[in-house]
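Residue numbers (this note's numbering), protein chains in the order written: chain A, 1 to 115; chain B, 116 to 345.
The set of hints was computed from the structure by calculation and includes no laboratory data. Please read all numbers here as calculations on a predicted model, not as lab measurements. A few of these clues could be false.
Simulated restraints, written as ranges between beta carbons of each label pair [as the list claims (entries may be wrong)]:
hint, chain 1, residue 1, chain 2, residue 2, range
1, A, Gly37, B, Thr132, 17 to 27 Å
2, A, Phe21, B, Ile243, 37 to 47 Å
3, A, Phe21, B, Val301, 50 to 60 Å
4, A, Pro77, B, Thr257, 26 to 36 Å
5, A, Ile12, B, Ser194, 23 to 33 Å
6, A, Leu45, B, Ile186, 36 to 46 Å
7, B, Trp268, A, Lys70, 14 to 24 Å
8, A, Ile84, B, Ala294, 41 to 51 Å
9, A, Ala52, B, Asp315, 25 to 35 Å
10, B, Ala294, A, Ile12, 44 to 54 Å
11, A, Lys70, B, Thr257, 36 to 46 Å
12, B, Arg313, A, Leu81, 42 to 52 Å
13, A, Leu83, B, Ala294, 18 to 28 Å
Glycine residues also receive a C-beta, built at the ideal position from the N, C-alpha and C atoms.
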Amino acid sequence: MAEEGQQHPIKIYLWIWLLLFVVSFFSYMVDYLHFQGMLRWTLILIFMFVKAGFIVAIFMHMKWERLALKIAIMGPPVAILVLIWLMSFEGLYVEDTRVEYYGESTFEPQAPPHH
Amino acid sequence: MSEAVLGSGGEIEAPGTKGVTDDFSRDKQVFGVPWGKAMMWIFLLSDTFIFSCFLVSYMKVRISTTDPWPIPSEVFALSFGGDPIPLILIAIMTFILITSSGTMAMAVNMGYRKDLNKTFWLMVATAILGASFVGMQAFEWTKLIVEEGVRPWSNPMGAAQFGSSFFMITGFHGMHVSAGVIYLLVVAFRVKTGFYERRDGNYEIVEIAGLYWHFVDLVWVFIFAFFYLW
Numbered sequence: 001m002a003e004e005g006q007q008h009p010i011k012i013y014l015w016i017w018l019l020l021f022v023v024s025f026f027s028y029m030v031d032y033l034h035f036q037g038m039l040r041w042t043l044i045l046i047f048m049f050v051k052a053g054f055i056v057a058i059f060m061h062m063k064w065e066r067l068a069l070k071i072a073i074m075g076p077p078v079a080i081l082v083l084i085w086l087m088s089f090e091g092l093y094v095e096d097t098r099v100e101y102y103g104e105s106t107f108e109p110q111a112p113p114h115h
Numbered sequence: 116m117s118e119a120v121l122g123s124g125g126e127i128e129a130p131g132t133k134g135v136t137d138d139f140s141r142d143k144q145v146f147g148v149p150w151g152k153a154m155m156w157i158f159l160l161s162d163t164f165i166f167s168c169f170l171v172s173y174m175k176v177r178i179s180t181t182d183p184w185p186i187p188s189e190v191f192a193l194s195f196g197g198d199p200i201p202l203i204l205i206a207i208m209t210f211i212l213i214t215s216s217g218t219m220a221m222a223v224n225m226g227y228r229k230d231l232n233k234t235f236w237l238m239v240a241t242a243i244l245g246a247s248f249v250g251m252q253a254f255e256w257t258k259l260i261v262e263e264g265v266r267p268w269s270n271p272m273g274a275a276q277f278g279s280s281f282f283m284i285t286g287f288h289g290m291h292v293s294a295g296v297i298y299l300l301v302v303a304f305r306v307k308t309g310f311y312e313r314r315d316g317n318y319e320i321v322e323i324a325g326l327y328w329h330f331v332d333l334v335w336v337f338i339f340a341f342f343y344l345w
């Protein structure tokens, strides 16, 4: 084991592969079936985290690594949540000031040409 | 985690946080993986932050613009003679990338089994799928620029920030895929010509290349969710 590195039964990979296909199909269906609002965002996030989790855990073998490596690699990205939190506040604030000083948008969107 | 795990240093990992303390405090390699793999993980961690910065700034400009955001489902629709199918090219690209991730995982497995012929061909298959992904992306960019008039500074369908976010995020991702294709081909041909066999007969390099490739797929999962579906 020590010399051979990460060796696991092929069956695991095939199952995860299949699962990734199915979950991707589901997330495409979210758009295709025109789910909107909270339902749409919840489903998108769930499918995204399921896919990301399986890729990291199985395909990238994180599941079988030592806890020290898991913490060192997957701990720091948690800080990004703070950035997301700050920037969403900042974004809302900027939008408010834009509406206040420049008024509401007068942009008239055109449909994409293939319609 | 109650079972003891052997690291490549051969030390048994103590269960739970005691193992972590042990690994970090003892006079030995911390992670129990080859240095190349630890370095690839740390590179990927830094890359995670780069892509996060892009995606967070995309979120920020999308929140702060007062103009309506173009609807990706319509912008990226494609017609095969009949009615346009929403997001179809993006869906196909997603499936291609997942397929390539699967072939890569198999290549890593075959590498450790010393089945070099299969490793080579699976890696070549992965690279071909990656190249076709980049090709489809080039097609998508062309269509967006030429037919739909999307520019980094404006577009007819809504907020100007759409173009800059799109070109920046997918462009950077496409660059990663292109680099990955070259990386995979180099490693694949070295496997084929016996380069690693002559060195030390160790195929960890295939797993390290695989880590990079899976990461590219991972980033796409996030781009697909936040840019195309949101």
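Results of checking the hints against the structure:
1. A:Gly37 x B:Thr132: 17 to 27 Å: violated (41 Å)
2. A:Phe21 x B:Ile243: 37 to 47 Å: Taking Cβ atoms as reference, phenylalanine 21 of chain A and isoleucine 243 of chain B lie about 19 Å apart, which means the hint is violated.
3. A:Phe21 x B:Val301: 50 to 60 Å: Distance hint for phenylalanine 21 of chain A, valine 301 of chain B is violated at roughly 29 Å.
4. A:Pro77 x B:Thr257: 26 to 36 Å: holds (34 Å)
5. A:Ile12 x B:Ser194: 23 to 33 Å: violated (40 Å)
6. A:Leu45 x B:Ile186: 36 to 46 Å: violated (19 Å)
7. B:Trp268 x A:Lys70: 14 to 24 Å: This hint is violated: roughly 43 Å between Cβ atoms.
8. A:Ile84 x B:Ala294: 41 to 51 Å: violated (27 Å)
9. A:Ala52 x B:Asp315: 25 to 35 Å: holds (34 Å)
10. B:Ala294 x A:Ile12: 44 to 54 Å: With Cβ atoms ~28 Å apart, the hint is violated.
11. A:Lys70 x B:Thr257: 36 to 46 Å: holds (42 Å)
12. B:Arg313 x A:Leu81: 42 to 52 Å: Holds: the Cβ-Cβ distance is about 47 Å, inside 42 to 52 Å.
13. A:Leu83 x B:Ala294: 18 to 28 Å: At roughly 26 Å between Cβ atoms, alanine 294 of chain B and leucine 83 of chain A fall inside 18 to 28 Å, so the hint holds.
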